[in-house]
Structure formats: C-alpha cells, structure tokens
Amino acid sequence: MTTYIIRRLLYTIPIVFGVLLLTFVLFTLVGGDISIEIAGKNATAETIEEIREEYGLNKPLFLSWDSQFINHFKNALTFDFGRARDREPVIDKIKRGVGPSLALTVPMFLGIMIISVSLSLVVAFVRGSVWDILAVVICIIGMSIPYLSFILFGQYFLAYKWGLFPVFFSPDLSTAQYVTLPVLIGIVTGLGSNLRFYRTVMLDEMRSDYVRTAFAKGLTTRRVLFKHVLKNAMIPIITRVVLAIPFLFLGSLLLERFFGIPGLGYLMIEAIGSRDYFVINAMTYISAILFVVFNVITDICYAWVDPRVSFE
Amino acid sequence: MSEHQQIIKKGLPKGRSLWQDGLRRLRRRKLVMVCFAVIVSYFLLAGFIYLAELFDWQVGPIRWHEEVSKSYEPPSRENIFGTDIFGQSVLRKTLYGTKISMTVALCASLISIAIGVPLGAIAGYFRGFVDEIIVWIYSTLSSIPYILLILAFAIVLRDKTIFGYKLTGITTVYLAIGLTSWVGICRLIRGEVIKHKEREYILAAKSYGCGSQRIIFRHLIPNVFHLVIIDFSLRFVAFIHAEVILSFLGLGEAERPSWGAMINDARIELSRGVWWQMVAATAAIFFISLALNIFGDALRDSLDPKLRIQ
Chain A
1 MTTYIIRRLL YTIPIVFGVL LLTFVLFTLV GGDISIEIAG KNATAETIEE
51 IREEYGLNKP LFLSWDSQFI NHFKNALTFD FGRARDREPV IDKIKRGVGP
101 SLALTVPMFL GIMIISVSLS LVVAFVRGSV WDILAVVICI IGMSIPYLSF
151 ILFGQYFLAY KWGLFPVFFS PDLSTAQYVT LPVLIGIVTG LGSNLRFYRT
201 VMLDEMRSDY VRTAFAKGLT TRRVLFKHVL KNAMIPIITR VVLAIPFLFL
251 GSLLLERFFG IPGLGYLMIE AIGSRDYFVI NAMTYISAIL FVVFNVITDI
301 CYAWVDPRVS FE
Chain B
1001 MSEHQQIIKK GLPKGRSLWQ DGLRRLRRRK LVMVCFAVIV SYFLLAGFIY
1051 LAELFDWQVG PIRWHEEVSK SYEPPSRENI FGTDIFGQSV LRKTLYGTKI
1101 SMTVALCASL ISIAIGVPLG AIAGYFRGFV DEIIVWIYST LSSIPYILLI
1151 LAFAIVLRDK TIFGYKLTGI TTVYLAIGLT SWVGICRLIR GEVIKHKERE
1201 YILAAKSYGC GSQRIIFRHL IPNVFHLVII DFSLRFVAFI HAEVILSFLG
1251 LGEAERPSWG AMINDARIEL SRGVWWQMVA ATAAIFFISL ALNIFGDALR
1301 DSLDPKLRIQ
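If you read the sequences in order, they're chains A and B. Be aware that the first sequence starts at 1, since it is given in the numbering used here, and climbs by one per residue. Be aware that the second sequence starts at 1001, since it is given in the numbering used here, and climbs by one per residue.
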C-alpha cells in the first residue's frame, strides 16, 4: 500500500512539470513582455525598467541559472507568485478569496451530489415508467438551458422581483444570507447532467443478479437500493465526486460574477478584465496541483472500496 | 440442390454497413428527425448569412446595425423581439448570433478532431515511448480545470499576431476552445485503437505489406470514426455554451452581435424590465442545445450499441 502510494505520487512529478512548462509557454513566451502595458500610457522609461526588474522580465529567457525559465519553476515550487497588477501579492488575494468561494461551492456540491444520487436510485427503480421518462425529459431540458439564463432569471425573479433573497453581496450580510440563492441556482443547474449520469450507473447495477437475489430474499426496496445497489455503484460515484473536489476551490466564475461574491471566481474575472497574467498563472498552477493530488486520492479510494483492485 | 446453393442462386441478401444500419434506425424515430431538421436549419441559417455577407445581399440579419425603431421598444408585430438600447432589432441580432456560434463550434470541433484523432491513433498504434509522450501531454492538459484552461488560452491569444495573422474576435475563441478540448477524443481513440490493432483485418493489412501510415489512416481511423461523430454531436453543445460564456466575459466577438454579448447586455437591462433580449438569446441557445442533445444520444444508440444508455 505504502509503495503504491509513493509510486503514484512519483507519477505526479511529470504532470506538475508539464503544467509549469505549459504556463511558461503561455504566459511568458506567447504572452510576452507586458511591462509597458502594466506601466500605463504616460510611463517613463525608468518606470518601465523598474517593472521589468521587479517581474524579472529583463532576464534571459533560457540558458542561465537566473533565467526566466528557471525562475518560473522556482517561484511556483515555493508558491511565490509575486504581486498582481494592483501591487497586492497574488497569494494574499487567493487566500482572501478561498473562504467565500468554498462557502458557495461546498453546499452546492453536497446538495447536487446527495439529491442526484438518491433521485437516481429512485428513478432507476421505476425505470421505464412515466416517472422515469419524465425525469429524463426534465434533465435534457435542464441541460439545454444556458447556465447564464438560469442565473439571470433566478436573480431577477427570486431576488429582485419577489425580494426573497438579497440581490447582491454586501459585507454586512451573513454568509448564509448571501450564499443561499446562488447555491440554490447552482444545484438546479447541476442536477440535469448529474442525475442523468448517476441514472446510467444505477441502471447498470439494477440489472445485476445480486439485485434479484436481494429482492427474492425478501429485503425491503429501501434496503436493496440504499445498501446493496449504492455500495456497488460506488466506483463511478467516487470518481466523479473526488475529482470534482479540486474544482470547488475555483469557486463559480459566473455565480460569483452575478452576485458580486468576492471569491476566487470573481478574482479571475477581474484578472481577465485587466489581463493580469500573474493571477491566472497562479490559479492555473494551484488548481492543477490540487487536481493531481485528488487524482491520487481517487486511486487510493478505489482500492479501499473495491477489494478486487490490486496495488500492482 | 442443397440449401446453400439455393441461397447463392437467389442472390445473397444485401449486407448493410454500420452507417446504413445506423441511419435506418435513426430514420424510424420521428423526434430525432425533427431535431436533425432543427440542427440543419441552424447550419443553413449560418451559411446563408455568410453568403449574404459575401455577395452583399440586403437581407435582415446582416443589417442588424440599422436603427429600426426607438430604443427599448417592447416586442410588437413589426419587431417580434423588440429593440435594444440603440434601437436595433433584437431578432436580427439573434439571427446574426447564429453565425458566430455555429462558426465557433464548428471550427473548434474541426481543430480538436484534427489534433485529437491522429494523436490518439498514433499513441495507440505505436505504444512505447511515443505513447508515453502523448499521454503525458494530455494528462497535463486535463489536470488543469477546463474553464481555466480555455480562459488562459483566450486571454493570451487575444490580439496576438501569429505568423503575420492577427487573432481577433471569434478566431481567438475557437482556437482557445479547439486547442484545449482534444483530450477527450484523443483518449477515446487511443483506447479503441489499442483494441482494434490486434484484430485480423490489421494483421491482414500488415501481411499485404502496408506501412504504418497506411494502416493508421486508411484502416484504423475509418473503423473508429463513428466514435468521433458520436462524441462531437454531444460535444458541440458544450462548445456553443463555451462560446456564450466567453463572449459574456468579454473575450469573444466584440464588434458584431453574439448570444453571449446579448445576455451580458440583458444583465443590466433586466432590472428595467427589458426582458426580450434575454429571452431571444436564451431561446436560440435552448433549441439548438436541445436538438443536439437528443440527436447526439440517438446517434450514439444507433451507431454504438455497446455504449447504449437506456
């Protein structure tokens, strides 16, 4: 087991290297020298030179111990991402944004998961009936409505028109107050595709012999569904769930934008507006690291829920 | 005369290829054909707008910038979807947006097929070192969250000059989407090629003395290409939605109307009770997505019985 984990962790090194290579190519080679852009229109040659010095843009690209290429790796591995365009260290901005983002995405994620897994069990049980067809139709319709429209109509009707929730984030609101409506909208939009996915998983299980045996033994429907079927459907569920966790950290770009929640999604939108490569670079790297780590965790979970998975 | 000879005398029953069989099954389903008609009409509309622009026909959609009425005129008989802030017809803008969305989704699909299919086939066929490199590239790409990856590409490529060609508007959008979304198809093709390359027909091709290039491009890829079609009929929806989100974030087409930009305008207008721009864009996106979702599922059911979702 330990050797398996260590070997699995070693596999992540080339991936992290690849991500750093990609961000270097994108932001340094293709993105180019943006010191003039940072300095603004009326900057003197000295200011531009100072900015170049600070971001290390005056150094050689490759072939030196102090090159931009080596520094890119060094900074990333020590989590030193320098300062953003508004002079605040990038890492501080990210730390500030994590809280509101997680407050939004964690309840949303749990809601979607619990509702769609339990609904999918029920729908798989009544497969072929009117209810099943109705559920699939609603899922497909829900998947076809653009995300943006869900958010806009939700915000307009529930918050603005009927005044059930605050329309925008403001610092004096409690977390629960400003997060409820975005979470509700997020759950509704996420249900369609998730329910459809889990339904397929459950249907595959429902056809197995052990389900027939369990019913033949006289077990109650609830027991068969939530104990036998759910346990056997665990592998695809774990893959989907664990690999979704790193994305929680990113927050929700669009929800945060609409509701003005100062999370990481909002931070990214701001960075896009001001072409702030440093913030996007840091976010890309951190989320890739999280993804890689959770990938390892998924593999370990497989072995944990399914004794047939070997460590070779 | 034996039974065998009788059959030969009558003529063998005509065989059906995978494609003929799939099409036959699709044609039996009315709803699927309706969806297909919807998809075709979106494409025809986009093509028509291209032609109209090329030959300078003075038709509605390409005269979207004309002021037809007062600003924020609600829907009426003359303007079915009302007018926007500049008094431009929302219907014309929506129709014009079709061209932008379909172009982006089509070009992005072509780019990602052009990258993903050959890479996947080469990785699966040669294995070894080449395989490891290609797997490394796509594992790297897939470890970065998709939306962040598209944003990073879009923001860096925007307004860059590459090989003397300036990247603006939708070119950036479809490049960003196309260059980032070939991973899924590459993985799928690689897995399938690994299975196929042990089959007899590949052995036969090898014994005839076919080179690797011929085997991959003439034998393997045509035999797994139905997977590409299925994958893309389902992925096309995601591309359309990605275009809408990118335009909404201001990374898309700036000078001409697009559905994402219309929704972005509607964000502020809704509080004034101007809902028609929003509804028009949502409806346009909704119908094409619904049609593509249903058609994609049906295509998968009819072309690939193994993958069937009940």
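Do not rely on the hints blindly, as some may be mistaken.
[Claimed, not checked] Mimicking DSBU-like on lysine-lysine, the simulated pairs with C-alpha atoms at most 35 Å apart in a straight line are:
no.	chain 1	residue 1	chain 2	residue 2
1	B	K1014	B	K1206
2	A	K231	A	K217
3	B	K1160	A	K95
4	B	K1030	B	K1014
5	A	K59	B	K1166
6	A	K74	A	K59
7	A	K95	A	K74
8	B	K1160	B	K1014
9	B	K1070	A	K74
10	B	K1197	A	K59
11	A	K161	B	K1070
12	A	K74	B	K1166
13	B	K1195	A	K231
14	A	K95	A	K59
15	B	K1195	B	K1014
16	A	K217	A	K227
17	B	K1206	B	K1195
Because the hints were derived from the structure by calculation, they are not lab data.
Evaluation of the provided hints:
1. For the suggested pair B/K1014 and B/K1206, the alpha carbons sit about 29 Å apart, so the restraint of at most 35 Å is met.
2. The hinted pair formed by A/K231 and A/K217 meets the criterion: a straight-line CA distance of about 18 Å does not exceed 35 Å.
3. Taking the CA atoms of B/K1160 and A/K95, the gap is near 32 Å; set against the 35 Å cutoff, the hint holds.
4. Restraint check for B/K1030 and B/K1014: satisfied, since their Cα atoms lie roughly 26 Å apart, inside the 35 Å limit.
5. Proximity of A/K59 to B/K1166 is assessed by CA-CA distance (about 28 Å); at most 35 Å being required, the pair is judged to hold.
6. At roughly 14 Å between alpha-carbon atoms, A/K74 and A/K59 fall within 35 Å of each other, so this suggested pair holds.
7. Taking the CA atoms of A/K95 and A/K74, the gap is near 20 Å; set against the 35 Å cutoff, the hint holds.
8. Between B/K1160 and B/K1014, the direct Cα distance comes to roughly 56 Å. Violation of the 35 Å bound is thereby established for this hinted pair.
9. With a C-alpha separation of about 59 Å, the suggested pairing of B/K1070 with A/K74 is violated against the 35 Å cut-off.
10. Distance hint between B/K1197 and A/K59 is unfulfilled; the C-alpha atoms sit about 49 Å from each other, more than 35 Å.
11. For the suggested pair A/K161 and B/K1070, the alpha carbons sit about 26 Å apart, so the restraint of at most 35 Å is met.
12. Taking the CA atoms of A/K74 and B/K1166, the gap is about 33 Å. The hint holds against a cut of 35 Å.
13. For the hint linking B/K1195 to A/K231, the alpha-carbon distance of about 30 Å falls within 35 Å, and the restraint holds.
14. About 29 Å separates the Cα atoms of A/K95 and A/K59, which keeps this hinted pair within 35 Å; it holds.
15. For the hint linking B/K1195 to B/K1014, the alpha-carbon distance of about 28 Å falls within 35 Å, and the restraint holds.
16. Of the pairs offered as hints, the one joining A/K217 and A/K227 holds, with about 14 Å between alpha carbons and a cut-off of 35 Å not exceeded.
17. The straight-line distance between the Cα atoms of B/K1206 and B/K1195 is roughly 16 Å, inside the 35 Å bound, and the hint therefore holds.
Hints 8, 9, 10 from the earlier list are contradicted by this structure; the remaining hints agree with it.
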